[in-house]
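**Q** Given next are the chains, with one letter for each unit.
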Amino acid sequence: MNAPVTTIRTEAEQGLVDAFTAAAPSLPGGVAVTAARAAAFEAFSRTGLPHRRTEAWRYTDLRRFMRDAKPLAPFPNLDLAATAATAGFIAADLDFRRLVVVDGIFMPSLSDLSGLEEGLTIRSFGAVLGEDAPLLPDVLRDALPEYDPAMALNAALARDGVWISLAPGVAIERPLHLVFVSTGESPTSVFSRSRVTLGAGARLSLLETHEAADGVAHQVNAALGLLVGDAAELTHVKVTAEGDAVLHVGSLIASVGARAKISTCGFALRGAVVRNQMFVRLAGADTQAEISGVSLLGGRQHVDQSLLLSHAAPGGTSRETFKAVVDGTAHAAFQGKIAVEQAAQQTDARMMARALLLSEEAEAYCKPELEIFADDVQCGHGATVGTLDDQLKFYLMARGIPAKEAETLLIQAFVGEVLDGIAHEGLREALTAATVNWLEARA
Amino acid sequence: MTALLEIRDLKAEVAGRQILNGLDLTVNKGEIHAIMGPNGAGKSTLSYVLSGKPGYTITGGEVYLNGEDLFAMEADERAAKGLFLAFQYPLEIPGVATLTFLRSALNAQRRKRGEEELSSPDLLKRVRELAKQLGIDPDMLRRPLNVGFSGGEKKRNETLQMALLEPKLCVLDETDSGLDIDALKVVANGVNQLRAPERGMIVITHYQRLLDYIVPDVVHVLAAGRIVETGGKELALELEARGYAQYQSEAA
Ligand SMILES: Nc1ncnc2c1ncn2[C@@H]1O[C@H](COP(=O)(O)OP(=O)(O)O)[C@@H](O)[C@H]1O
Ligand SMILES: [Mg+2]
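Protein chains in written order, with the numbering used here: chain S, 654 to 1096; chain P, 49 to 300.
Treat each hint with caution, since some may be false.
What the hints assert, rightly or not - Below, a list of computed lysine-lysine pairs in the DSBU-like style, where the Cα atoms sit at most 30 angstroms apart:
1) K281/P / K1046/S
2) K173/P / K202/P
3) K129/P / K1057/S
4) K180/P / K1046/S
As the list claims (entries may be wrong) - Counterexamples of contact, computed for chain S against chain P with all Cβ distances above 12 angstroms:
5) P724
6) V869
7) D939
No lab work stands behind these hints, which were simulated from the structure alone. Beta carbons: idealized from backbone N, C-alpha and C, even for Gly.
Please build the complete structure, drawing on both the sequences and the hints.
**A** Here it is in structure tokens:
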């Protein structure tokens, strides 16, 4: 192993080393988990934070965005429960089962655990780790295709999150809502790890939201593992809506079984710096995947939605659609790679990334990539960065629609291509309403 | 009496090229004017300049709609004041449902005029009626505006918009192009139903055929960016017989 060695640490990197050293003895997990944590941190300390020359992170230079590492969040203050009670605004009108995670700790007392459907298990991730079962180190590593510094930090430092498992053949009608809130008036580092396992043929709908107040520069590192069994169906939407000073690094690691269906959408609405990375592995044959993202950003926001999709078995179909609407001096990025392994014959994969720039200073970077080792496949990708179509805007205005409203209609239509694919009607309407609000709030 | 539309010595450029070269035209309420002329004469340019399309520079002259300075208004204000252009090539707008578009347009105009908005059920009822008259499949209303519509469907859709918005001045740019004779009759019938003492129309066409169905009061010939001849409806038949060669040489 010749991993590059960073001899000089940045202030943030040193802060993370100190935090790990101090926290390690109190992190949940027995011998095996503790060893896995140490190994993960060791790997991180060799590479340090990702920066411009880290290929998978080329548009999100964490070394620059993280001047320092905030202290690890203390155990949540129960007085702040009120904050958590109002969180998850996107689903305010929807009867989802709320599972609340405050400052990285799963809070059963704030969650709705009544009348759990048969076959559905909901636990604290930390409690599961504490049992130190032999497979847990693998759980912590998850099925990552390659080393990732944010995931390594998460494996080393995550204390808790939600552990959900669904027995084979069970279909849950009422969607689950993972409500993540970061609290407190001074900035903290918040690590959380959650895991959702669907047995063969099981069916579940999952919403994940992340919120925090404006003005507090929390550093959030949230990871979610999804294990989708054969012929199971999972729909997942993640909404990042944290305050205007928050740095959010989110990772989704999904492994999808044969004939299973997965649909996941990252909806980035707020937050100073957001990196939403998805690692999806279509492990079984004949899977169907819909992977999408919507980023609405303005001001000085930086939002990076990135995807590494591995087609690892034959007959998989996937559609990847990423849309960014960029206003102000904001920067949007999309880095997407579809890797088709040799075994994955008859793969049908199509990836499209489009960005719409609403201001002169807005910027968007798109980097779609295909890496194909099978010969009988249909793969395509495309990327566009453009501005609103003046001709279409004129057509609307010529019918009496004012300029601003015409733009709103066109932008809604642009984003609608993704949102229309959200299966849950109430959630689709809620995300559409959030988009309209965002558009109306544009100066 | 104020004319519905008064164009005086209009000059306009696109992409640095002068296309309209001192055009005069007056349309009164209740009148239907046909504008005929060779391809490239500036007919569409005139319609775009009137409706406020970006990219055109007015280099001279003035235009009044009901006595108000047209060029002082944005495109949407012109529409709210009653100007409607039926496009020669209606655009496709993916992601915007036809009905949403119709509702936004009608209610934006009503708001601007200080009128009450039409409720969704009332709007739907009205749009359904019009769709039926124009032989438009009601399913089309839920589809994205003009996306995947045939040429004929797009023109019917333009006519539906016109009927719904009840403009004061309708400008129809080659509404007949791309239509078979049956579709042409349906569209012409829709247009004729809009004939009213308060309403004026400018029917732009290259061929006389449309004017068998939408009978004009006045016929103009537009060539090289100006009105070069004006007559009664029989002028259309004459033009059909002798063609535009005479005007093209004039322009050259
Ligand atoms: N956007 C444009 N850029 C350059 N030339 C244009 C543009 N639009 C129209 N023209 C030119 O202006 C002239 C008049 O065009 P148009 O108004 O479309 O004619 P008509 O509708 O009478 O056929 C043509 O010579 C055409 O090539
Ligand atoms: Mg034309």
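**Q** For each hint, tell me whether it holds in the structure or not.
**A** Here's how the hints hold up against the structure:
1. Between K281/P and K1046/S the CA atoms are separated by roughly 36 angstroms; this puts the pair beyond 30 angstroms, and the hint is violated.
2. Straight-line distance between C-alpha atoms of K173/P and K202/P comes to about 21 angstroms, which keeps the hinted pair within the 30 angstroms bound.
3. Taking the CA atoms of K129/P and K1057/S, the gap is near 19 angstroms; set against the 30 angstroms cutoff, the hint holds.
4. For a cut-off of 30 angstroms, the pair hint linking K180/P to K1046/S stands: about 28 angstroms separates their Cα positions.
5. Remark: the non-interface label on P724/S is consistent with the geometry, its nearest Cβ contact in chain P lying 46 angstroms away (cut-off 12 angstroms).
6. No beta-carbon of chain P comes within 12 angstroms of the beta-carbon of V869/S; the shortest separation is about 37 angstroms.
7. Every beta carbon of chain P lies more than 12 angstroms from that of D939/S, the smallest distance being close to 30 angstroms; the non-interface claim holds.
Hint 1 alone, counting from the list given before, is not met by this structure.
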